[in-house]
Structure formats: structure tokens, C-alpha cells
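Trainee: Residues per chain are reported as follows:
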Amino acid sequence: MSDILIKGADLVGKGRSDVLISGGRVAETGSITAASLKGTGAEVVDADGLVLLPGLVDLHTHLREPGREDAETVRSGTRAAAKGGYTAVCAMANSYPVADTAGVVEQVAALGRAAGYADVQPIGAVSVGLGGERLAEIGAMAHSAAAVSMFSDDGHCVSDARLMRRALEYVKTFDGLIAQHAEEPRLTEGAQMNEGTVSAELGLPGWPSVAEESIIARDVLLAEYTGARIHFCHISTRRSVDIIREAKARGVAVTAEVCPHHLLLTDEAARSYDPVFKVNPPLRREADVLALRAALAEGVVDAVATDHAPHAPQDKDCEWAAARPGMLGLETALSISVLALGGPEDVDWDVVAERTSRTPARIARLEGHGHDPIAGAPANFTLVDPARSWTVVPAELASLSRNTPYAGMELPVTIQATFLRGRATVLEGKLVEETTV
Amino acid sequence: MKHLLTTKELTRDEAELILELTGQMADAVSGREVPKLPTLRGRTVVNLFYEDSTRTRTSFETAAKRLSADVVNFSAKTSSVSKGESLRDTALTLQAMGADAVVIRHPAAGAPQRLTQWLDGAVLNAGDGTHAHPTQALLDAYTMKQRLGGIEGRTVAVVGDIVHSRVARSNVWLLSKLGAKVRLVGPPTLLPANLEEWPVEVAYDLDSSLSDADAVMMLRVQRERMNDAFFPTANEYARLYGLDERRLALMPDHAIVMHPGPMNRGMEIAAAVADSPRATITEQVANGVWVRMAVLYLLLTNGETA
Amino acid sequence: MVAPALRQTPGDPNGGKQILAADDIGRILDRIAHQILEKTKGAPDTMLLGIPTRGVALAGRLAERIRRFADIDVPAGTLDITLYRDDLRRGGALRALGPTDLPQSGVDDQRVILVDDVLYSGRTVRAALNALLDLGRPAQVQLAILVDRGHRELPIRADYVGKNIPTARNENVAVRLVEYDDRDAVILTGGEER
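Residue numbers (UniProt numbering), protein chains in the order written: chain A, 1 to 437; chain B, 1 to 306; chain C, 1 to 194.
If a hint is listed, it holds; no wrong ones were tucked in.
Distance condition first, Cα-Cα at most 20 Å in a straight line; then the derived SDA-like pairs of lysine to any residue:
#1 B/K36 / C/D101
#2 B/K145 / B/T282
#3 B/K36 / C/G106
#4 B/K36 / C/R137
#5 B/K36 / C/P99
Just so you know, the hints here were simulated from the structure itself, not pulled from any lab data.
Model the full assembly from the supplied sequences, consistent with the hints where possible.
Mentor: Right under this line is the structure:
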């Protein structure tokens, strides 16, 4: 692997600098002339006007493999991740079979390594088959080659309070983390969209915000009581933010993520009855969007997570009620995060780095990720052009699926390059095709 | 007008035109030698019913045949939206067969709107989930206009299971558009949770909602709802929200009793009330044919589907 | 090409050439009324059905004249043909139907005289015949027309013709009647200068 010299990048908070990458790590920063490298064969990447961020880390990705390779594979999903500036993704457990054993999580991790576009950290299921009844072999997954530290029944809520308590207690043995999909199932039976004025008019059964908030309130108390760490997936309401803010103020070990779509879209989109806007938890009201943006800027919400959920065409080209929930996210997440944090002109790139890379890397215990370019750090970076906007064309996405809610929208900032341990996965905005580990 | 999906999307002028045409259709066909008009000769109207509703399907079929359209009943016998041929594939089939209009009844809200994206022909919503049933609201409005002399300024109480009722929703938009005051009456469990932006009054008590009502529209309440804690028992529901003779006496003398059918006698409406001359239930059924003729005429002759 | 403004008759805001004035129309209707009385031998069991819009007014005027000339009451009514048109598919704006208003007797066994302002392709009359026959079984159907402008597309002719006006297809014959317009007149517009 040849060395890479990134010339003239804007290092967040540290001004303009060159970065020399060698052996997968940062060798040197500061002013480095190409002439001084003569003979080393370093490849020079012109980063004039580009922002260098630590490679993005996604706490919440559905890669669909094993089981639904028609919608996404580990390879296609991680290619989409690289294109979106990610160097690591946490793969949710709701595959077929469910990632509830050491065997499945090791397979997913191996597929990620084979593809080579981003590190894949499997998330293990909390309960067997996501059934919500018996604990999965959490310890075996933690001690497997995949070294799982995060567990989630995402797609399903761990609604049984007793099971949740046991899971929280059990993961303390290896400092694990439960990521809760907060949704009181009895309050969302048949639910199709946010419960509110729009659902009342459209005649679609409502998903009330209190179904999320009541579980978050309960689990904050359980985490406090057990002294365990808890993480809330895709929070979507204003009151969820309030509960988490209050819990953090009291010192509870709670973290939370928000999805890009909940930072931008509202339930008004459902008026089209186009299931591309169907997602779980659902798109909420504008007041929720604004509260989530404020909480993300403030840090009450710790991270942006995509909940990237690819679906085959037949699962979206149908009636709203028959459609599967979920939308693509990896390739659009940074643009929307920047929008939500003030837009390309006013955004504080240090906050962007914190919410999309450093903090999620810490939450997921991904030691090699979320590092700024200092000498010796693993070279996982992404180069962003803050001045160039782009238009979302579904057919041009790297994901196998096309269910993006942003089709035709012009979004700010583009990913110009992504480096995974010193190797370019994306250059000049395009995937590097010949990549192998 | 290319499709009829909801009453909310109708302009007041369009709604009034449909009601005017409805009367003209009734006049044009009633009591004549040949109760049939050649207007839609050679056009194909497909009835695509995913829910059993002999009443509505027959009404549309009669309307289409009175206008000389060819009617195809496309059987879509599936109880679940996720089973069988997809709606999109069915739409493509109907498109290939050259359907000029598709009348669709579907358990999923928004299915007719989805259909418009896959079909060139006109789409008529004959009831989608708990969303809309525009021709029912139009025939209700026509019935009120006939019985009450107009709609503007009248007060209409819609009583019962509002949250699960597409008829209630379509009536709210249409009647308020035509200048009526609409009052929704029912227990909070059967009212949608967020009604602030709806052009309605909300009341939980039926007795006090009747004295100024020009029309009282009773909605069908399914007994099964009590198993899902919407109300405790059928008896309690009938006692609190059923229209019996005592309550009928609380209404002004000119006020009418409406019901979209099918009725649960003894539940939301007492048998004596259903059979009283103030009930318009059979008129509503008769008017349904004229309304559907008017709508088919408008959608199939304004040139956009040819 | 001549500028359209040059072809305007002074005082006619819509342009075009006046073919018949109010007096002419009055004389023509007098004549048709007499012809009807003569041809039907006193117009027993006879009704006039005007085709909307202007045929309705003409039917009324003919009935009034027959009453004045012969003291015979010939009922006048309206026959809307919208639902029988053969050009519905070709479009246009949303439109309501006109009323159909039959005399008390109904059409069975009656002599029905259809009345319209302009006879052109014959398609309107075809639609009127179909509409009429769906209403019942008249003993006889006749047709009275104010202006016949030619260009028939169907084998239809009028029993009573006010005036034959040869026209080009790209011309338009506009009949104005005080019941709807500012005055009585027949105006020819469009086409090349003759």
C-alpha cells in the first residue's frame, strides 16, 4: 500500500494542513511538500477547500445479509457507506437468521472484511430471534471473534420490563450496551404513521409519540436502577429529548441517536401515500424536528445514526399499509446532518465530527475510529467539499435498493474521498473499484 | 377532474356541480320508456373490490349500466393486502385491458391514490380503509339537500365510531365545504386524537347535541370494538350513543335521521327510529345510483381519459 | 390576409358579417309558423321541443306565433341532448346538463317538431332523435331550423328551413336572440374574406 499525502485540507478546528498517511496511520501533519517525499511514491490528493473529518461511524445500519440479499448485501451496503463518508457501520441484528448467535455475528463481520469498504461491527440480538422472551447468547457473541459490545432487538422493542432489566444487568459483565428500539407495542398495534392531525385525516392508524416516550422513561429508570449503560435508537419526539436531557443531568449512563430523516422530514410527507416515506418510528411533526435539531446541536442527542433500511421494490411499490418501513440513509446522512446543524455556511464542523464520528465510535467501542488526524492515529478519514451541493438520483446510489425519500432533492456538501486505514475507498466522489483488503 | 379520491380535494364548485348533475341524472332516467342513456357506450368501467360490499358494488354497477358503459367486475378476493397479486400488477393488468375507469374498494387507506400512479384511466374511490368514501358523502349531501332544502347553514351531527369511519371523514370535508356546521359526537375513544385543525365541533354527549341538529347521521359501530376497549359493552354504547325514540323526540321536527348502512338495529339505531318516516336510509341508497352516474359522467366525458 | 378589424361591421363588437337582422328573423319565424300549420293541418297532437340553448327560445317563439295566427295551443318544451352527444370523449370543460322539460302529454303518439337554431353536420339532430326515442314513441318527428349552413355529415334534412346560408367549414354562424343576447341577429364570422 502506497503512502498518501493529503494536501491543504481544512482540519476541523486546527486550520489548514497537509496529512501524510503511511502504513494505514497518520505519519505526519503540518506543511509537507511533495518534493520532500520524492522517491517514496506517495499519492497526492489535492484537498484544497475540503474539510477533513474523522471517518463517519454509523451506529445503526441494516445490511440485510444474511437473508435479504435482494435488498442489500454487506458489500453493497458498505459501498454505500463509503460513498457516504463512513469508515465503520454497526450492522443491526434483524437479519435472517437473526444475529443472535456467535456464528451469525462472525459471518457478518467476515463479510465486511471481505468487501473491504468499511468496518462492519455486528450488533447482537438481545433476545432469541428478536422474540422478546429469552435472552440471546449475549456473552458468546461478546466473546466471539466479532467482539460484540452492543445489543439490540431493533425493529422490535424489548418491551418486557423484566427482560430489559436482566439484559441491562447482564451486559455489565463486559461493559456492553443495550440499544433500545423504544416502542410500546400495545400502543402501536397496526400503526402506520405518526398519530396526529395528518393521520386522522388520512385514515392511517396512528403511532403515538407516547409509545416511544413511555419506554424511554421506563428504561432510563431501569438503567439508573441497574447502573448499566443504555442507548436509545432513532429517537423521534420532543418529549423523548426532554426525558433524556433530564436523565443525563442526573448522571444516568444514557446515550441517544437521531436519524437524518427525523431531522428533516415531517408526517406531511405521508399525504402522498407513497411508502418511501413510511419508516419506524414514523416521521413526526415540525416541532419534533426542530427539537431534535436543537438537541443534536446541544449534545443531548449524542449521534446521528442512519437506520439505513434498504427494501426491494416490491416492498415499497404497494399500498402504504402493505409496505415495509424504512428508508435508505448512508449516502445522504452527512448532507442532512449538515443541514440540520445550520447549513453548509454556518455549520460547526467540529460538532459534525463529534456527532457523526467521534461520539458514535465511543458508544460502539470502536477503538480504531473517530480519531482526528494526529500522528499515529488510524487513518480513517473522509474529505468533504462544503461548497458543492448535489442532487439525489436514486439510480446513482451505491445501495442495491432505491428507497430514498430524498429523490430529486438538492442536498448540501459532497463526499470527495474516504480513507479506510489509509486506503482510499472513495476518490473524487467515486467508489474505488479495485479495492481489496 | 381526472379522479375522485376524496371530498377534501373537490372545490366547492365541483361538489355543487356533482350534486346538480345528480338531480339531472335522476330526472333524465326516472320514469322513462328506456331507463338507460347511451352516454358511456363503448367505455369500460372496472369494479375492483378488495372488500365485500355488495351494496356499493351494485350501486356503481347499476350507475355505469344506466349510462351504457360495459362493466367488468374484477374479483380481487384477498382478505390481506400482503397476499396474492400486488395492487401494482393488478393495475398494470387493468391498464392493458383498457379500463377507462376503475372503481376501487380497498382495505388500505391510500390504495386508490397509489392506483392513479399506475393507470391512465379514471380512478373512483369506493372506500379505502378508514380514509375516504367520497360517493357516500356526496349521496348523503344530495339526500340532505332534497330533504332539508339545502346544506348551507344546516347543522349535521355525525354520531358514533368516527375514528374508524371513512364515511364520517368524507362527510366532514364535503359538508363543511358546502357551508354546513358539522358536529362529531362520540366517546373520546372513538374520535380521532387530533381534531384541532378539522372544521368541526366535538361533543361527547349525544342528548345535548340533538336539539339544534337538522340532520343526525348515525354510523355503524362494530360490536368487536368493545373487545379492543373502545367501549365497555354493546349495551352501554347503545345507552349512551344509540338513537332511540326518546332521543328522536329531542330533535327538531324537521330534522332527518341518516345512516350509511348496513345498520346494527338496537345498537347505534333503534328499529323504530330506522323505520320512521324521518329516516332517509332507503332514499340514500336510491340516491347513490344517481350520484355515481353523475360522477362517472364527469370523469369519463371531460376528455382527460380519452 | 386582411386584418380582422377591416371585416368588422360597424357597431358589432365581435366582428363578422351580419346575415340576418331582427326583422328578417321575425319574418322567417312567421313563415315557419304558417308552414307548420299548413303542413300539419292545424297542428293537432303536436309539440315543439327546442334543443338547448337557442332552440328553446325559438320553439317558444314559434308556439306564440301559432297561437297568435291560428288560436291553436301547441305546447313547447326542452330536449337536452348532452348525454347523447357523440363527441363527449373529445373533451371540454366540466359541464352540467341542461334540463329536459316535456309538455304534460309526453311524447308517445305525438307529432314532435324539434327546433334548433343552426343545422350543420346533423350530429346534434341525430343525438336529439336518440334522446327523443328513449323518452317514448312519437307518431312523427319533424325538424325546424332557423339557418341551414350545409356540410351535412349524416343523412338528415329539415322539414322547415328559415334560410339556407352557404358557408365555408372554417366559418362560424352565430345566432343571437334577445332571450340570451343583446339583440336578434345571425352573424357569419371567421374564414377568408369573400
